[in-house]
Amino acid sequence: NAGVMQNPRHLVRRRGQEARLRCSPMKGHSHVYWYRQLPEEGLKFMVYLQKENIIDESGMPKERFSAEFPKEGPSILRIQQVVRGDSAAYFCASSPPVEARNNEQFFGPGTRLTVL
Amino acid sequence: SQKIEQNSEALNIQEGKTATLTCNYTNYSPAYLQWYRQDPGRGPVFLLLIRENEKEKRKERLKVTFDTTLKQSLFHITASQPADSATYLCALDLPTGFQKLVFGTGTRLLVSP
Chain A
1 NAGVMQNPRH
11 LVRRRGQEAR
21 LRCSPMKGHS
31 HVYWYRQLPE
41 EGLKFMVYLQ
51 KENIIDESGM
61 PKERFSAEFP
71 KEGPSILRIQ
81 QVVRGDSAAY
91 FCASSPPVEA
101 RNNEQFFGPG
111 TRLTVL
Chain B
117 SQKIEQNSEA
127 LNIQEGKTAT
137 LTCNYTNYSP
147 AYLQWYRQDP
157 GRGPVFLLLI
167 RENEKEKRKE
177 RLKVTFDTTL
187 KQSLFHITAS
197 QPADSATYLC
207 ALDLPTGFQK
217 LVFGTGTRLL
227 VSP
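Which chain is which? The protein sequence lines are A and B, in order. Note that the working numbering has the first sequence beginning at 1, numbered continuously upward. Note that the working numbering has the second sequence beginning at 117, numbered continuously upward.
Just to be clear, a hint being listed does not mean it is correct.
As the list claims (entries may be wrong) - Some chain A residues near chain B, calculated using beta-carbon distances under 10 Å:
hint: 1; residue: GLY3
hint: 2; residue: ASN7
hint: 3; residue: TYR35
To be clear, the hints were calculated from the coordinates, so they are not data collected in a lab. These figures come from a predicted structure and were not determined experimentally. Every residue, glycine too, gets a C-beta built ideally from N, C-alpha and C.
Let the sequences and hints guide you as you build the complete structure.
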């Protein structure tokens, strides 16, 4: 069973360009979480999605950032008009569709975004 | 304000000793607390989960305690090995209706041979 996959692993963008980060959850997982990790800082929750639904986006900046998890295909975190402050590691995590709230989250290897 | 504090300074210990890492929090009431390990350039990996009504949890050489009165969790690695060198993150699982994790900044552990 393949783990959580993220691509690209490294992404370089110039200011003003768009960044698209992809996350394929583990097989059978229908819950996806996105986190951002800045140097020397902890992981910060951004958004929680289930298939075709955004459940909580309280950690996501209101402007320029959006996320989706379509019925088919990977989850996408999209950052429009990137700025230098968006440079960070972005991690995706997934968990299975069970009611128990003691599930661990399975993390991908992350996408390191560098904005020039 | 809400805070999760882990010792930002690296913890250096010798192989074979017990490493103890601390996680303190304020103004949170977590239902669970989790510990993760993160190696450079990689995503976090789950280690242990402890519920609010549990005092202690063990898994092989790992032990976690959870004191909701002190608002503190301690994470112990006994008989530490150089391969245990990594950053260890504590995460609070808040009772929000879904699994919302709030992470500390992590403590870097260095185990010398």
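- request: Against the structure, test the hints numbered earlier, and report the numbers of the ones violated in rising order.
  value: 2
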